[in-house]
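**Q** Residue numbers (the numbering used here), protein chains in the order written: chain Y, 12 to 233; chain R, 12 to 233.
Simulated from the structure, these hints should not be mistaken for lab results. One thing to keep in mind: the hints can contain errors.
Copies of the same chain look alike in the list, so a pair counts if it works inside one copy or between any two.
Quick list of in silico lysine-lysine cross-link-like pairs, DSS-like style, CA-CA up to 30 Å [unchecked claim]:
id: 1; residue 1: K194; residue 2: K212
id: 2; residue 1: K89; residue 2: K202
id: 3; residue 1: K195; residue 2: K212
id: 4; residue 1: K194; residue 2: K93
2 protein chains.
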Amino acid sequence: MEEVRLIEVKEEILADNNKVASGVREKLRNSKTMLLNLMSSPGSGKTSLILRTLEGLKNNLRLGVIEADIDSTVDAEKVAAKGISAIQLRTGGFCHLDASMVTQGVNALDVDKLDLIIIENVGNLVCPAEFDTGAHKNVMILSVPEGDDKPLKYPLMFSICDVLLVNKIDYLSLSDFDMDALKKRVLALNKNIRILPVSCKTGEGIDAWVSWLKEAAAAYIT
Amino acid sequence: MEEVRLIEVKEEILADNNKVASGVREKLRNSKTMLLNLMSSPGSGKTSLILRTLEGLKNNLRLGVIEADIDSTVDAEKVAAKGISAIQLRTGGFCHLDASMVTQGVNALDVDKLDLIIIENVGNLVCPAEFDTGAHKNVMILSVPEGDDKPLKYPLMFSICDVLLVNKIDYLSLSDFDMDALKKRVLALNKNIRILPVSCKTGEGIDAWVSWLKEAAAAYIT
Numbered sequence: 012m013e014e015v016r017l018i019e020v021k022e023e024i025l026a027d028n029n030k031v032a033s034g035v036r037e038k039l040r041n042s043k044t045m046l047l048n049l050m051s052s053p054g055s056g057k058t059s060l061i062l063r064t065l066e067g068l069k070n071n072l073r074l075g076v077i078e079a080d081i082d083s084t085v086d087a088e089k090v091a092a093k094g095i096s097a098i099q100l101r102t103g104g105f106c107h108l109d110a111s112m113v114t115q116g117v118n119a120l121d122v123d124k125l126d127l128i129i130i131e132n133v134g135n136l137v138c139p140a141e142f143d144t145g146a147h148k149n150v151m152i153l154s155v156p157e158g159d160d161k162p163l164k165y166p167l168m169f170s171i172c173d174v175l176l177v178n179k180i181d182y183l184s185l186s187d188f189d190m191d192a193l194k195k196r197v198l199a200l201n202k203n204i205r206i207l208p209v210s211c212k213t214g215e216g217i218d219a220w221v222s223w224l225k226e227a228a229a230a231y232i233t
Numbered sequence: 012m013e014e015v016r017l018i019e020v021k022e023e024i025l026a027d028n029n030k031v032a033s034g035v036r037e038k039l040r041n042s043k044t045m046l047l048n049l050m051s052s053p054g055s056g057k058t059s060l061i062l063r064t065l066e067g068l069k070n071n072l073r074l075g076v077i078e079a080d081i082d083s084t085v086d087a088e089k090v091a092a093k094g095i096s097a098i099q100l101r102t103g104g105f106c107h108l109d110a111s112m113v114t115q116g117v118n119a120l121d122v123d124k125l126d127l128i129i130i131e132n133v134g135n136l137v138c139p140a141e142f143d144t145g146a147h148k149n150v151m152i153l154s155v156p157e158g159d160d161k162p163l164k165y166p167l168m169f170s171i172c173d174v175l176l177v178n179k180i181d182y183l184s185l186s187d188f189d190m191d192a193l194k195k196r197v198l199a200l201n202k203n204i205r206i207l208p209v210s211c212k213t214g215e216g217i218d219a220w221v222s223w224l225k226e227a228a229a230a231y232i233t
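Extracted from the complex, chain Y is given alone in its bound form (with noise of 0.2 Å):
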């Protein structure tokens, strides 16, 4: 198990945010590393699928985590246990992550050992949107038992991620979620946006999206 480190940060109200996520981008592209922003509601399943993601990757890439909570070490701690490189970033009442927070976690790991760097930003659908955190890859999570009308009220976030991960399919017969209508709402938004349904419960669908990022991280670590 890794030690989980913690670093306590604070917004730099004056700092030019796309300037410094140009800085890491360009600073991670140097050490052939991607960065990878994972963005959700509180409780869609974004630590729970970092962790199949890992079980999934870790004989291929060398990966390290940044964790970002308003308060408590929990998520990071799972994530150290699995043997993992994990930061875990602290933003006291703050809402989302900027390009200055992320830059004080990727310092803060040997990033010439790693390939992959995945970002576990702030549980919110609005705030995480709007800034530029230096990822290469915006991707977000939508659980089904939080509905298909979601695109219609948060439609920045759908419009930059380049996937959107729907999440605990295992709940859809419980459901009166129609992943047609999400899709087409979504499509809508962002015709670009790869659209996988995934249960981090029963591991179905985790096999297409582990694929995607091999995939896309073979453009950056190469």
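Following the hints, complete the assembly by docking chain R onto the known chain Y.
**A** Chain R alone, transformed into the frame defined by chain Y:
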């Protein structure tokens, strides 16, 4: 069916939020109207809970609803279809309501003819907890699929609420959600909070919630 009125709101950066909030509370005290602020993550069931509450209360109290959304008017339309006065506040990119925004909603309602106004805040467990809206009571929903660890991650929201509704208990059979663990975590943050398990789908527990609400409203409307 009532007509939905739409107001585009902007944050008044310089306003003293606490002062405006006290003004809203006082105004509604004088008109014998209770103001309730309902908060949760996206998709936890705020609109469904409001529709169930309207059914349960319509013969007892005169109701109005203020809906907040970053985009769309779908929620206000569902409420208006029940013949209830509904104001839709469209917050643009904004992630929470403040007291100035709520004032705009309250001013658009005929408060002398209302006993209870319910605010459906933006779906977000972080930012809405930081802003006094002027409500007399704060109520939050946590749904079973979000998990029992949320009080560890979003402690402020659980600390400021008078009632926690644990929704979607119809999902308990498919879930490893631990209700006792949740209650312990919540009560450690807020020993005065009332915790009520409900299902907006089956109606289970709604009577207890409606009873709480009638009793709470009695202190304001008489």
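**Q** All hints are to be evaluated individually against the structure, with a verdict given for each.
**A** Status of the hints after comparison with the structure:
no., hint, in the structure
1, K194 with K212, "both (22 Å within a copy, 24 Å between copies)"
2, K89 with K202, "between (35 Å within a copy, 29 Å between copies)"
3, K195 with K212, "both (26 Å within a copy, 25 Å between copies)"
4, K194 with K93, "between (34 Å within a copy, 29 Å between copies)"
The structure shown violates none of the earlier numbered hints.
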